[in-house]
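Visitor: Taken in sequence, the protein lines are chains A and B.
Residue 158 in the working numbering sits at position 158 of the first sequence, and the numbers go up by one each step.
Residue 175 in the working numbering sits at position 175 of the second sequence, and the numbers go up by one each step.
Because the hints were derived from the structure by calculation, they are not lab data.
None of the hints are false.
If you want the footprint, here are the derived chain A segments under chain B, 3+ residues with CB under 8 Å:
| no. | region |
| --- | --- |
| 1 | 26-37 |
| 2 | 131-144 |
Looking from chain A toward chain B, a few residues come up when the C-beta cut is under 7 Å (computed):
| no. | residue |
| --- | --- |
| 3 | Pro109 |
| 4 | Leu111 |
| 5 | Val119 |
| 6 | Tyr147 |
| 7 | Pro149 |
| 8 | Leu152 |
| 9 | His160 |
Glycine included, every Cβ here is placed at the ideal spot set by N, Cα and C.
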Amino acid sequence: MNPRRKKRLAIVGSILIGIGVVAGLVLYALSQNIDLFFTPSEITQGKKETGLMPSLGQRIRIGGLVVPGSVSRDPESLKVSFKLSDMTMPIIFKDSDPMVTVYYEGILPDLFREGQGIVANGTLTEHPPTGLSIEASEVLAKHDENYMPAELAEAAGQKHDKATYSEKQLESKKTNSY
Amino acid sequence: MWKWLHPYANPEVSYHFTNKLLPWLSALAAIFLSIGLVWALLFAPADYQQGHSFRIFYIHVPAASLSMGIYVSMAIAAFSSLVWQLKLADASAAAMAPVGAAFTAIALITGAAWGKPMWGTWWIWDARLTSELILLFLYLGVIALHNAFEDKNLAGKAAGILTLVGVINIPIIKYSVEWWNTLHQGSTVSKLGKPSMSLDMLWPFIFCFIGFSLLVGVIICLRFRNEILARNSIRPWVRELVQQNTVK
Numbered sequence: 001m002n003p004r005r006k007k008r009l010a011i012v013g014s015i016l017i018g019i020g021v022v023a024g025l026v027l028y029a030l031s032q033n034i035d036l037f038f039t040p041s042e043i044t045q046g047k048k049e050t051g052l053m054p055s056l057g058q059r060i061r062i063g064g065l066v067v068p069g070s071v072s073r074d075p076e077s078l079k080v081s082f083k084l085s086d087m088t089m090p091i092i093f094k095d096s097d098p099m100v101t102v103y104y105e106g107i108l109p110d111l112f113r114e115g116q117g118i119v120a121n122g123t124l125t126e127h128p129p130t131g132l133s134i135e136a137s138e139v140l141a142k143h144d145e146n147y148m149p150a151e152l153a154e155a156a157g158q159k160h161d162k163a164t165y166s167e168k169q170l171e172s173k174k175t176n177s178y
Numbered sequence: 001m002w003k004w005l006h007p008y009a010n011p012e013v014s015y016h017f018t019n020k021l022l023p024w025l026s027a028l029a030a031i032f033l034s035i036g037l038v039w040a041l042l043f044a045p046a047d048y049q050q051g052h053s054f055r056i057f058y059i060h061v062p063a064a065s066l067s068m069g070i071y072v073s074m075a076i077a078a079f080s081s082l083v084w085q086l087k088l089a090d091a092s093a094a095a096m097a098p099v100g101a102a103f104t105a106i107a108l109i110t111g112a113a114w115g116k117p118m119w120g121t122w123w124i125w126d127a128r129l130t131s132e133l134i135l136l137f138l139y140l141g142v143i144a145l146h147n148a149f150e151d152k153n154l155a156g157k158a159a160g161i162l163t164l165v166g167v168i169n170i171p172i173i174k175y176s177v178e179w180w181n182t183l184h185q186g187s188t189v190s191k192l193g194k195p196s197m198s199l200d201m202l203w204p205f206i207f208c209f210i211g212f213s214l215l216v217g218v219i220i221c222l223r224f225r226n227e228i229l230a231r232n233s234i235r236p237w238v239r240e241l242v243q244q245n246t247v248k
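Whenever a hint applies, use it, and build me the whole structure from the sequences.
Guide: What follows is the structure in structure tokens.
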């Protein structure tokens, strides 16, 4: 390689390395803010590295798995509450896991079910019987990267049924102005 | 290897080479895409929880990974143009940018259309979606710079520097779903170990992916050929070519 090309290679190479280092440092500094949501354990115990904890009344997003058996739906209206626990692999639910209850009024996404990953957006409050909870204004479903034909899923003991709504429940939404 | 590559630095040789390559690439792209898309959209089994909506996967995922792939090839071209001052490398980078931008847009649009029924929202500012949007802006910036200068060498240099700076975004897009909490799910196919998909869903994906990659190859070859002609329009061989074609 002739000296001029070598010089250009050195310049371009050092620019690339410099940008890489800068971007790495910026992302490292911002890593707390890039997370889309808090996990239930981060809400109850604070973030692992920094101990940062959301305060009561703060508007936050929470992400976790819907604890089986925790979903309770009001038969008269669209009010629903459920508990979320951390997404850990393998998925095992224990009563001792940190959990946060989510209260929501509205139609749930089609993918909502027990054991499903959910991201909810709302204010952090404290409800006397359940402890820390989120008054959610939006519930989004987070699905995983696994895709399966229905027959295979059934054989593996996984099934998905959409939440259904009665006339009465849907009626309550129209009369209930937010 | 360099000896073998050297003739292709000549625009005329490259032009004839792409000419010869094009019919093969187009035929293969047509075969793979028609098999892959029909298989994926009509015959692949539906997902157990997403049902038929899951089929958008077969367009969304190839578009998204190609949007990153094209960017990396554009960056390699920009790098060799900056270091070795290959004029043809600039031409190929200019040919790739709009194709990459189109595939980024396809990935974003199909992703939004998939997100609405499945997640419950068209858009969310999570790390994966935001970094892919930045990729679109990078492509648009590169296209704008290529067109901003009368002098094509200067334009290639400016666009090349932006391309190289933007390369840092590629690993961020790729690993965003692992480094941070996102609404977007992790990768299904491109991960170590077994893909998280049954084989009768994976095979149509492989066909679709190869098909779309070949399609990108075809479009880039067409655009590259055009760039060569536009940039060498005063050369005798281009004039001869034009005359031959107009006489007929």
